[in-house]
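Asker: Go ahead and model the full structure; you've got the sequences and the hints to work with.
2 protein chains.
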Amino acid sequence: MNRIRILGIDTSLRSSGVAMIEVSGRLMRALAYGRIHNKPSLPHSGCLAAIHQEIDALITEFGPDEAVIEGAFFAKNVKTAMILGQARGAVLAACALRTLPVYEYSPRSIKQAVTGVGAARKEQVAKMVMQLLGLAEEPQEDAADALAAAICHAHQRGVPEALRSKPV
Amino acid sequence: MNRIRILGIDTSLRSSGVAMIEVSGRLMRALAYGRIHNKPSLPHSGCLAAIHQEIDALITEFGPDEAVIEGAFFAKNVKTAMILGQARGAVLAACALRTLPVYEYSPRSIKQAVTGVGAARKEQVAKMVMQLLGLAEEPQEDAADALAAAICHAHQRGVPEALRSKPV
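Chains as they are written, first to last, in the numbering used here: chain D, 1 to 168; chain G, 1001 to 1168.
Hints should not be assumed to be uniformly reliable.
[Claimed, not checked] Output of the computed footprint for chain D on chain G, the stretches with three or more beta carbons under 8 Å from beta carbons of chain D: (1) 1016-1026; (2) 1032-1045; (3) 1048-1059.
Read the hints as simulated data drawn from the structure, not as lab findings.
The beta-carbon is built from N, C-alpha and C at its ideal position, and this holds for glycine as well.
Answerer: Right, dumping it as structure tokens:
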């Protein structure tokens, strides 16, 4: 049975969710999940280095085949977009340096894939993620979003190659 | 005499200018400059990995004491801000992972420091950079901007500590 590992990332400067799932046919399980928490006092560059290091360490520990990020298509304004962009830059560089392809889905597609509803609330996503992966507890919000992104990408594997989203 | 090396970076996804200068008292000289050119066909993640690697290689080769980037305070729109943010994220993470402090100046301050005019045109910046560093030829535009950022930071060293800009 073709088994793959997917690294899901819900990128942000201060609290990125991260998740590693293993998919084997129709079976999915969570190997690890949590968040990269950067203190408010840490300068931007320190946050970005921490994000880079944590992603790199996860790649080393679990050897994922593919990574997924939530697409940031609707930043509120230029300043927010710049800060989120920086976090994404650290994540994408960390993955690309390890030749890990990164896929991107809109927040709506991710919610849709997990709950069946594109406009689902955060709590609904966390609850469904918990059920789908048989977790004992509801995961923290950012970790749940990272797990949801990984699950969304796992579903895409059933889609014919030509119709799948391309790596970023 | 206190001698320091400054890495200047004019960040962009496809063509970042990079420059290394050495400052010794009032003397400045360029050790290296050029640009990190990423082909239009390269995906974003590949560009970001290339930026990270080149910055890291420059740090290894020249052992700079401080780095400088041009502040991106006025991106045109959210999409541009996101893309520029990503490039900045790769640069900042690469520097921070090597514990290299990064300073930031507005485009206006950099032009002002080099030409005396905050609204100077690109060609004026390149010409002044060439004169100030005694270069044989006018540097390419992005490289000139990176050299200008480094020169701007070198000037700041004459400013009392408490009034200097803080690392990013």
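Asker: All hints, please: hold or fail.
Answerer: Each hint tested on the structure:
no. : hint      : verdict
1   : 1016-1026 : violated (count 0)
2   : 1032-1045 : holds (count 3)
3   : 1048-1059 : holds (count 5)
The structure shown violates just one earlier hint, number 1.
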